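Asks: Each protein sequence line maps, in turn, to chains A and B.
Residue numbers 1 to 267, in the numbering used here, belong to the letters of the first sequence in order.
Residue numbers 268 to 691, in the numbering used here, belong to the letters of the second sequence in order.
These are computed hints drawn from the structure, not numbers from a lab.
Hints may be right or wrong, so weigh each one.
Label-pair restraints from in silico Cβ distances [unchecked claim]:
(1) A:Arg163 x B:Pro559: 51 to 59 angstroms
(2) A:Gly154 x B:Val625: 42 to 50 angstroms
(3) B:Arg602 x A:Tyr33: 26 to 34 angstroms
(4) A:Ser62 x B:Val319: 35 to 43 angstroms
(5) B:Arg311 x A:Tyr33: 37 to 45 angstroms
(6) B:Phe588 x A:Arg243: 34 to 42 angstroms
(7) B:Phe588 x A:Thr40: 20 to 28 angstroms
(8) A:Pro118 x B:Val661: 26 to 34 angstroms
(9) B:Met567 x A:Leu196: 46 to 54 angstroms
Sample of chain B residues facing chain A (criterion: CB under 7 angstroms; computed from the structure) [what the hints assert, rightly or not]:
(10) Gly309
(11) Ala599
(12) Gln600
(13) Gly651
(14) Val684
To give a feel for the contact side, a few chain A residues facing chain B, derived at Cβ under 7 angstroms [unchecked claim]:
(15) Ser62
(16) Gly63
(17) Thr119
Model, not experiment: these values are computed from the prediction.
We put the CB at the ideal spot given by N, CA and C, even for glycine.
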Amino acid sequence: MNNAGANAGDESGGESALERDFVVRTIGVTRVYQMGDSETHALRGVELDIYRGEYMAIMGPSGSGKSTLFNMIGGLDKPTDGMVFIDEVNIAALDSYELAWLRCRKIGYIFQSYNLLPTLTALENVTLSMTFANVNPDDARDRGYELLQNVGIGDRWNHRPGRMSGGQQQRVAIARALANRPAIVLADEPTGNLDLQTGAEIIAMLKGLCKQMGVTVVSATHDHKMLDICDRVVWIRDGMIERIEKREDLDIQIGSIEQQEKKPSDE
Amino acid sequence: MQHGTQPGNAAVDPQTQTLLDQIGGRQSALPRRTLIAMAMGGLRVRLMRSVVTLISVILAIGFLFYMGMASKLVSNLAHATQPPQFPVEKQPALAAAVNALATKDLASQLTQSQKYQLVEGLDVPNPAWALAWSALLASLTESQIVELHAAAGPASSVDPGTITNAIRHQHAVDLHNRLQNDPGTWPQILDQIPTDIKTDLVRASAARPTDHEIHLRLAELFAQDVGRIPSLPDAKLRALQLLLGWTRHDDHTRLMLEALKSEQLAREGIAIDRLLRTNLISASEQLESGNPMDRWLTLMALLTCAVGITNAMLMSVTERFREIGTMKCLGAQDRLVVQLFLIESGLLGVVGSAAGIVLGIAVALTAAALQFGGYGMQYFPWLGGLTVTGWSIVAGVLISVFGAVYPARVAARMNPVDALRIDE
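Model the full assembly from the supplied sequences, consistent with the hints where possible.
Replies: In structure tokens form, the structure reads like this:
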């Protein structure tokens, strides 16, 4: 199913896991939605490996199965058939409690509409997932404050989301996503609600922080302009991977050349 | 692990097993302070709806509380075993009269038992004693009675009304006989009779317990007068006592409660003898267990409140789909979401119950003052109110939490994917 030519070296599948540092591996993933009598095949056998520390974009038209794949990688959905390994853990083997545990510690989420909790301050939004992860409240506060400074809104730690602009809210969301030092950050159209310049700033910052922390970013997007900072782009169509392109191969403007291989993180 | 049946998942690989080992026991709960802060935040952000929900709790619990207090108050009035010192119990006038009889020549003509009967005859609806009393009165001249009165000692301790009433009593017996002979004319005749004579009439008719019909009509007339006349002579009180003694059916309770509606009679009612008190107690027990209508009203109020809370919480869940989904993405357990909603609703319950109790106290005090005047205050069930308060708070919180169970489950079972899907 995989488009073999695009990513040499990934084809050896499970056996290569020992040598190569993958943060996500999907093996023959299918997902069937039962809608009354009819079945909808959202995914039809997807094989995808994501390296630790890379910045990967998932592209595809609506209804392509992009969201479904995205949810699988995010531990929000389980495959009907096949296996999804997140940080070498098969999510199909986890119950909802364990999935919550995994999401809490291994995955950070960034949403198009920010999804901050309106009742909490910026700092509380960031510390919430650390609280879920049983982090000591003092440590959580210190780290939350540090993260807010890293995303450039340390002085607004006590503001509620309603009093912040979209860009500021998305910055809080990035800080929140990174709070538990996740293995993956899932960014679902992170610039969808932002103007071009703010979007570019946000993306640059996200990429910078994730590179610095060795966090993998998987981003779903329609925004072709965002692709120039991606390491790889996966194109999904009709529930299958149409092709996987390295950035160098993309027919778009290329900024500074970056190495495909990332140094392995200790996460 | 029990996931062997999952498609595409043959066995748990070592890495997964490591993670499962890491997870170990269940995640410890959020600190209570954080939970409450989040729930408070939820209430604050949706302030208008929270307030409306709160008002429904306040009204329901206020009503419940008032009902409880009202029945406690009636019970208190009925059970008052140490009534204020009323002349009825000691009857100083009569005692003085008897003493006078014992020291005068006139008195020496009576035997001890006759004297005894004379006193008893005033109170007890015994035909023989009443007749003896009538006969004695009939045999005395006015001047003898006045002499008797004078001999009774210092006027301060003697109620001349008692002697005068005794004289009127004879007229009353005559009137009664006339009424009995021609029952059709009784309303006209009775309307022309002064109230205190009517009282004597009642007492006289008590001497003839077989005339049940007349007793009842007299009792009704009497009850009407009770409301109009601010101060009642002791004789009237005794007449009431007699009335309540005979009318052993529903009118009995009705008259008694009507009588209680006037402050004066509430006071007197307390002083009435054990027979009356027993009746009051049984009546108040009936009230305490509540008549079916009251119970229905209370139940409906509480049910309406529960439905309102459920509705408000369901709306809250719908509005917060994204928020709940986000929390689940961040690793919130189902249990936490349930807790959050239950705490939110429980807070509403506690605050609503407290405010409802304040409202209930205000209403109960006002009602007691209007119904029983000073005695409503004196016998206001402050202590019994503690029990009612306890029950009201328990009811308020239970209803609120109960109303939130279903919405909380809806919220907890939400798929976190929904948080990602909803576009705004």
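Asks: Could you tell me whether the CB distance from Arg163 (chain A) to Pro559 (chain B) stays inside 51 to 59 angstroms?
Replies: 56 angstroms, holds
Asks: Cβ-Cβ distance between Gly154 (chain A) and Val625 (chain B): within 42 to 50 angstroms?
Replies: At 45 angstroms between Cβs, range holds.
Asks: Per the CB criterion, is Ala599 (chain B) less than 7 angstroms away from chain A?
Replies: It holds, given that the least Cβ distance between Ala599 (chain B) and chain A is near 6 angstroms, below 7 angstroms.
Asks: Less than 7 angstroms between beta-carbons is the criterion; does Gln600 (chain B) satisfy it with respect to chain A?
Replies: 5 angstroms, holds
Asks: Could one say that the CB atoms of Pro118 (chain A) and Val661 (chain B) fall in the range 26 to 34 angstroms?
Replies: Given range 26 to 34 angstroms: holds, Cβ gap about 33 angstroms.
Asks: Given Gly309 (chain B) was flagged as interface, is its beta-carbon under 7 angstroms from a beta-carbon of chain A?
Replies: 6 angstroms, holds
Asks: Is it true that the C-beta distance of Phe588 (chain B) to Thr40 (chain A) lies inside 20 to 28 angstroms, as the hint says?
Replies: Since the Cβ atoms of Phe588 (chain B) and Thr40 (chain A) sit about 22 angstroms apart, the hinted range of 20 to 28 angstroms holds.
Asks: Hold the hint about Gly651 (chain B) up to the distance rule: shortest CB distance to chain A must be less than 7 angstroms.
Replies: 41 angstroms, violated
Asks: Confirm or reject the claim that Met567 (chain B) and Leu196 (chain A) have a C-beta distance inside 46 to 54 angstroms.
Replies: For Leu196 (chain A) against Met567 (chain B), whose Cβ atoms are near 60 angstroms apart, the range 46 to 54 angstroms is violated.
Asks: Okay, Phe588 (chain B) versus Arg243 (chain A) on CB: inside 34 to 42 angstroms?
Replies: 35 angstroms, holds
Asks: Just to be sure I understand the hint, the distance between the Cβ atoms of Arg602 (chain B) and Tyr33 (chain A) should be within 26 to 34 angstroms; is that true here?
Replies: Holds, since Arg602 (chain B) and Tyr33 (chain A) (Cβ atoms, about 28 angstroms apart) stay within the stated range.
Asks: Quick check on the hint: Ser62 (chain A) CB to chain B CB, less than 7 angstroms?
Replies: 11 angstroms, violated
Hint violations for this structure: numbers 9, 13, 15 and 16, all remaining hints satisfied.
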